[in-house]
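These protein sequences, in sequence, are chains A and B. Positions 1 to 122 (my numbering) are the ones given, in order, by the first sequence. Positions 1001 to 1209 (my numbering) are the ones given, in order, by the second sequence.
Read the hints as simulated data drawn from the structure, not as lab findings. For every residue, glycine included, the Cβ atom is placed at its ideal position computed from N, Cα and C. Please note that the accuracy of each hint is not assured.
[As the list claims (entries may be wrong)] Partial chain A-side listing against chain B, Cβ under 8 Å, derived:
{"hint": "1", "residue": "Pro27"}
{"hint": "2", "residue": "Leu40"}
{"hint": "3", "residue": "Leu101"}
{"hint": "4", "residue": "Leu102"}
{"hint": "5", "residue": "Thr109"}
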Amino acid sequence: MKLFLILLIPLSIALLILGTPLPVEHPVKRHQWQSPEPILPMTFAHLDHVGENCLVCHHNYNDDTGNLLCMNCHVTNSDLWPLLETQFHDLCRDCHEAKKLLNEESGPTRACIDCHLDGELP
Amino acid sequence: MKSLVFTITSVLFVSFLATPGLGAGWAWDVGNGFGFVAFAGLLYLSKIGGSGRNVRAHQLLGFVVLGVTVTHVYWLLLLDAAVIEYVKPGAPLYMWTGIAGFLMLVVLIFISLPEYRLRLHKRYALFKFWHLGLALLTIIGAGHHIVVSGFYLGEPYQVALFLLLVAIVFFGDSFLGKREADTRQSSWVFLGLGVFCVAAFAGIRNVPF
């Protein structure tokens, strides 16, 4: 058991630096949409959301907070930036969960890699 | 034996209360099933105690719980490449408390082995005090990780039941004055039951009924 744990230390460090050796998709944190710190990529397929009310996400079209896209404010505004992860997790995940529980077609609910991939831009 | 079954099944049961059919895919749910079983193992370890003839059983169960925890951690790190970013600087607090719980469990187990324990603590009472304190901190860290991540305990009543369960398992026997008499079989029962529960945890969420 001691040997196992001793081996686990360099393996963990290698895993942290190099990432998983398995042939799965590897998202890379980087500065995106002028983010002050590197962030994970996010994928969002507009075409999969055509049945939704646009204002659920694009609140700015209705509340006079501008006419830009999500990331233009939520990443660059210093008040909104610290809330980016919580706000987007809550918005996307809660809606996907609600739909899945109703047995409707839904997006990812929990697994990080299902959303954090390069793909269509928000 | 009965309290082991109660502890594992209760922890998993609470996770099913709000959204029993909400699956996130086999890989993700199996990985987190191991996490819930490991947490139940931590609670059960605090319940059986490690004195008298239970010393070996308590040690062995500690190693098994550590093994299940390692499986939870590395399963997710290996199969979901995005998770690695949540164990680096900038990760949310609930990930740090989970990591702290994992590291405290490693420390807790190894400094309790006789060869190290006798060097660190000359008095058994002092060892017991620190062992119990560190065990409580480990459970708090792991519990915070489970609750605040919000993946499986999303409703306030689930959190309340979860905390109540932890309190019952951790403190219940102190009030009732009970300790399980013989735990020699518990590691293997825990492992077998744990694997079954992980399969149930992921299966119920992902098999279309």
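**Interface hint compliance - Leu102 of chain A to chain B, C-beta minimum distance less than 8 Å** = Leu102 of chain A check fails; min Cβ-Cβ to chain B is 11 Å, beyond 8 Å.
**Asked** With a cut-off of 8 Å, does the beta carbon of Leu40 of chain A approach a beta carbon of chain B closely enough for the hint to hold?
**Response** Since the shortest Cβ distance to chain B is 6 Å, the answer is holds.
**Prompt:** At a threshold of 8 Å, is the proposed contact between Leu101 of chain A and chain B supported by beta-carbon distances?
**Reply:** holds (6 Å)
**Request:** Using 8 Å as the Cβ threshold, decide whether Pro27 of chain A counts as touching chain B.
**Result:** At 5 Å from the nearest chain B Cβ, Pro27 of chain A passes the 8 Å test, so the hint holds.
**Asked** Are Thr109 of chain A and chain B close enough, Cβ to Cβ, to be under 8 Å, as the hint says?
**Response** holds (5 Å)
Going through the hint list in order, the structure does not satisfy hint 4, though it satisfies all others.
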